[in-house]
Amino acid sequence: MVATTPALELSGIEMHYGFVRALDDIDIHVMPGEVVALLGDNGAGKSTLLKVMSGAHRPSHGTISVNGKEHTFHAPSDAAAAGVQMVYQDLSLVEPQDIATNLNLGQEALRRGPLGWLGFVDRKAMRRSSERELDRLGVRTAPMTRPVEMLSGGQRQVVALARSAIRVNGEAGGILLLDEPTAALGYEQTKQVEALIRRMADQGIAIVVVTHDLPLCYEVADRLVILNRGKKVADLLAAGADRDHVVGWITGSRESMFPTAVTS
Amino acid sequence: MTTNPDVAASGVTTNPGAAPPNPAGQDMPRSISVLVFMRDRGIFVLWGLLIAFFAFWCSPYFFTVDNSLLIANAAALTALFAAGVGIGVMTGVLDLSLPGTAAVASCVCGWLLTEGYATWIGLAAGMACGAVVGIVNGLITIRGFNPIIVTIGTLSVLSGLAAVIAGGYTFPGLNQLEFMGTRRYLAFGDSFTGIPAPVFIVAGVFVIGTIFLTRTRDGIRLMAVGGNAEAVRRAGINSNRYLVLGFVISGLLAALGGLVSTAVVTEANPAASPAIIFNALTAVALAGVALTGGRGSLPRVLVGALILATITNGLTIRGIQPYWATTLTGALLLGSLAIERVIQSSVSERLMSANLSVHQKKV
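Line order of the protein sequences matches chains E and Y.
Counting from 405, one number per residue, gives the positions in the first sequence under this note's numbering.
Counting from 17, one number per residue, gives the positions in the second sequence under this note's numbering.
Hints are computed from structural coordinates only; laboratory data are not their basis.
Since this is a predicted model, take the numbers as computed values, not measurements.
Be aware that one or more of the hints could be misleading.
Said to hold, decoys possible - Keeping only pairs whose Cα atoms sit at most 25 Å apart, straight-line, the calculated SDA-like set for lysine to any residue is:
{"#": "1", "chain 1": "E", "residue 1": "K528", "chain 2": "Y", "residue 2": "P315"}
{"#": "2", "chain 1": "E", "residue 1": "K528", "chain 2": "Y", "residue 2": "T232"}
{"#": "3", "chain 1": "E", "residue 1": "K455", "chain 2": "Y", "residue 2": "D234"}
{"#": "4", "chain 1": "E", "residue 1": "K528", "chain 2": "Y", "residue 2": "V223"}
{"#": "5", "chain 1": "E", "residue 1": "K595", "chain 2": "E", "residue 2": "D606"}
{"#": "6", "chain 1": "E", "residue 1": "K595", "chain 2": "Y", "residue 2": "A245"}
{"#": "7", "chain 1": "E", "residue 1": "K455", "chain 2": "E", "residue 2": "P518"}
{"#": "8", "chain 1": "E", "residue 1": "K635", "chain 2": "E", "residue 2": "F423"}
{"#": "9", "chain 1": "E", "residue 1": "K455", "chain 2": "E", "residue 2": "P619"}
{"#": "10", "chain 1": "E", "residue 1": "K455", "chain 2": "E", "residue 2": "L640"}
{"#": "11", "chain 1": "E", "residue 1": "K473", "chain 2": "Y", "residue 2": "S364"}
{"#": "12", "chain 1": "E", "residue 1": "K473", "chain 2": "E", "residue 2": "G608"}
{"#": "13", "chain 1": "E", "residue 1": "K455", "chain 2": "Y", "residue 2": "T226"}
{"#": "14", "chain 1": "E", "residue 1": "K528", "chain 2": "Y", "residue 2": "T226"}
{"#": "15", "chain 1": "E", "residue 1": "K595", "chain 2": "E", "residue 2": "L641"}
{"#": "16", "chain 1": "E", "residue 1": "K528", "chain 2": "E", "residue 2": "I570"}
{"#": "17", "chain 1": "E", "residue 1": "K473", "chain 2": "Y", "residue 2": "G252"}
{"#": "18", "chain 1": "E", "residue 1": "K595", "chain 2": "E", "residue 2": "D648"}
{"#": "19", "chain 1": "E", "residue 1": "K595", "chain 2": "Y", "residue 2": "D56"}
{"#": "20", "chain 1": "E", "residue 1": "K473", "chain 2": "E", "residue 2": "D626"}
{"#": "21", "chain 1": "E", "residue 1": "K528", "chain 2": "Y", "residue 2": "T230"}
{"#": "22", "chain 1": "E", "residue 1": "K455", "chain 2": "Y", "residue 2": "A245"}
{"#": "23", "chain 1": "E", "residue 1": "K473", "chain 2": "Y", "residue 2": "T232"}
{"#": "24", "chain 1": "E", "residue 1": "K455", "chain 2": "E", "residue 2": "D429"}
{"#": "25", "chain 1": "E", "residue 1": "K528", "chain 2": "Y", "residue 2": "G64"}
{"#": "26", "chain 1": "E", "residue 1": "K528", "chain 2": "Y", "residue 2": "I211"}
{"#": "27", "chain 1": "E", "residue 1": "K528", "chain 2": "Y", "residue 2": "I227"}
{"#": "28", "chain 1": "E", "residue 1": "K455", "chain 2": "Y", "residue 2": "R366"}
{"#": "29", "chain 1": "E", "residue 1": "K455", "chain 2": "E", "residue 2": "E418"}
{"#": "30", "chain 1": "E", "residue 1": "K455", "chain 2": "E", "residue 2": "D648"}
{"#": "31", "chain 1": "E", "residue 1": "K528", "chain 2": "Y", "residue 2": "S49"}
{"#": "32", "chain 1": "E", "residue 1": "K455", "chain 2": "Y", "residue 2": "D56"}
{"#": "33", "chain 1": "E", "residue 1": "K528", "chain 2": "Y", "residue 2": "I253"}
{"#": "34", "chain 1": "E", "residue 1": "K455", "chain 2": "Y", "residue 2": "V52"}
{"#": "35", "chain 1": "E", "residue 1": "K595", "chain 2": "E", "residue 2": "D539"}
{"#": "36", "chain 1": "E", "residue 1": "K455", "chain 2": "Y", "residue 2": "V223"}
{"#": "37", "chain 1": "E", "residue 1": "K528", "chain 2": "Y", "residue 2": "R366"}
{"#": "38", "chain 1": "E", "residue 1": "K528", "chain 2": "Y", "residue 2": "G252"}
{"#": "39", "chain 1": "E", "residue 1": "K455", "chain 2": "E", "residue 2": "D445"}
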């Protein structure tokens, strides 16, 4: 996984709400195939930073580059067009529809010939391509014809993640943003989602995951970025990170790794 | 259930090498399949039971070809409006303006025919009214207003307009429309007098509608918008377009319903009867179409309308006051709600335990 250009790079990001500095001179980057965990206490600015990445918020200062090209995101659709996909916590799936329909929503396969001109979909092709995509990600869920409402929470999250993965995979070096992907899941289901995140990263997708779940970070993340009160206080490899130090950075009891950071 | 080896396949296996072959649909315990069948197809069973019951109770008058045609014809109008309400509800909007749309469509048609225009012009104009009403409803609703309030508003506007068009009277004597009203087709010999026109119209509407909703891209997206408009939007689809489309379809069906009822009585009446919408809603609710949207199917709506007609017909044959039909229908609706709740919760319960057992075994 040797790549020189970060898939997503933010530099000097500042975000002001009136006099409140939600984000203060944040630099962060993700390489293709890398999982970066964004940690911090409530109100540290994790979600704000994620919203900046996904195009939901425009930063007051700073630049965003995708694959080395600078972008200005006016709306989430701009970010999506650049290859940045946000996977929402509330599972944006259509519950009464089956897995294949959900995976193909917005890019349905049409039948060939006159029936296709009338807008008839090719259900078999959609089922096959969904199966293929899920196999490629190594997740065998329920049959493709099963409605999403009849899946367990973990299976749903897997389908939601797989859908985003399929979507960003079209562009080279897609970027996925995950907000608390395991928030509502039990232990086993969390394990499955962890494995899926790893596998998506192995396919070259850059992943930023916001979470409160420290064990999850050590399992899936390559690098930890820790925010405290809108400032980046630590940026270190997950392997070999001292867990007490990490907790110290999150709570603010430990000195920042960047004590001399000057606000521009 | 925990020992059923097939259940294992329903879990998400984290190890691709260990994933067992997973033939589609074969991994659910039998009890869940039966319950799901009852939930999705229970209304057909219910209708079958009703028919069997009346066939014995009202023998020999009920279970005959003539009587079944009578029921089909009686159900036709309710079914047309129920299709409109049903498609609206599946798209996530409850369109209450249907009676108004029907009244305006039939009055416009009646006025044009009385003025001496060709029959097809009158019918086309009536259907166009339905489309326009749908577009207006849709365009107002996507501005973020509650569809129920919006359509109550348009209902008032439309019933007023219909009365204005008719000048406070009706348009009687529209015999040109007899071909889609009381005329019967496919008569066979002396005994079989043919099938009434409205039955053909309803059959066409439901066949086309069902194919549209389940087989075409726009139909599937329409249902998806009803299920979770936000998810559809995030998939990069303009969900508002489909909301408007839902209103247009329901407006068109309302207009068609208005035109067929005009044809049956050969008179265009500007009175927008709220009973239309409540009958249609009863059929839709009986069909188990969740008012939250995204669920349901047209064949079930059709059976819902047929059940209403069957009950009325059977009780009439036995000479029981028609008020009892309404009472019985209401009781049936409440009972089906209770059964659906029980089935739904036991399905989710069983699925939950099945999934949990998978994870405990697998990992």
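Hint check:
no.: 1; hint: E:K528 <-> Y:P315; in the structure: holds (23 Å)
no.: 2; hint: E:K528 <-> Y:T232; in the structure: holds (13 Å)
no.: 3; hint: E:K455 <-> Y:D234; in the structure: violated (32 Å)
no.: 4; hint: E:K528 <-> Y:V223; in the structure: holds (22 Å)
no.: 5; hint: E:K595 <-> E:D606; in the structure: holds (17 Å)
no.: 6; hint: E:K595 <-> Y:A245; in the structure: violated (30 Å)
no.: 7; hint: E:K455 <-> E:P518; in the structure: violated (44 Å)
no.: 8; hint: E:K635 <-> E:F423; in the structure: holds (15 Å)
no.: 9; hint: E:K455 <-> E:P619; in the structure: holds (24 Å)
no.: 10; hint: E:K455 <-> E:L640; in the structure: holds (22 Å)
no.: 11; hint: E:K473 <-> Y:S364; in the structure: violated (48 Å)
no.: 12; hint: E:K473 <-> E:G608; in the structure: holds (18 Å)
no.: 13; hint: E:K455 <-> Y:T226; in the structure: violated (41 Å)
no.: 14; hint: E:K528 <-> Y:T226; in the structure: holds (19 Å)
no.: 15; hint: E:K595 <-> E:L641; in the structure: holds (21 Å)
no.: 16; hint: E:K528 <-> E:I570; in the structure: holds (18 Å)
no.: 17; hint: E:K473 <-> Y:G252; in the structure: holds (23 Å)
no.: 18; hint: E:K595 <-> E:D648; in the structure: holds (23 Å)
no.: 19; hint: E:K595 <-> Y:D56; in the structure: violated (34 Å)
no.: 20; hint: E:K473 <-> E:D626; in the structure: holds (24 Å)
no.: 21; hint: E:K528 <-> Y:T230; in the structure: holds (13 Å)
no.: 22; hint: E:K455 <-> Y:A245; in the structure: holds (21 Å)
no.: 23; hint: E:K473 <-> Y:T232; in the structure: violated (39 Å)
no.: 24; hint: E:K455 <-> E:D429; in the structure: holds (16 Å)
no.: 25; hint: E:K528 <-> Y:G64; in the structure: violated (33 Å)
no.: 26; hint: E:K528 <-> Y:I211; in the structure: violated (38 Å)
no.: 27; hint: E:K528 <-> Y:I227; in the structure: holds (16 Å)
no.: 28; hint: E:K455 <-> Y:R366; in the structure: violated (38 Å)
no.: 29; hint: E:K455 <-> E:E418; in the structure: holds (13 Å)
no.: 30; hint: E:K455 <-> E:D648; in the structure: violated (28 Å)
no.: 31; hint: E:K528 <-> Y:S49; in the structure: holds (22 Å)
no.: 32; hint: E:K455 <-> Y:D56; in the structure: violated (41 Å)
no.: 33; hint: E:K528 <-> Y:I253; in the structure: holds (22 Å)
no.: 34; hint: E:K455 <-> Y:V52; in the structure: violated (40 Å)
no.: 35; hint: E:K595 <-> E:D539; in the structure: holds (18 Å)
no.: 36; hint: E:K455 <-> Y:V223; in the structure: violated (46 Å)
no.: 37; hint: E:K528 <-> Y:R366; in the structure: violated (29 Å)
no.: 38; hint: E:K528 <-> Y:G252; in the structure: holds (23 Å)
no.: 39; hint: E:K455 <-> E:D445; in the structure: holds (17 Å)
The structure does not agree with the numbered hints 3, 6, 7, 11, 13, 19, 23, 25, 26, 28, 30, 32, 34, 36, 37 stated previously, though it agrees with the rest.
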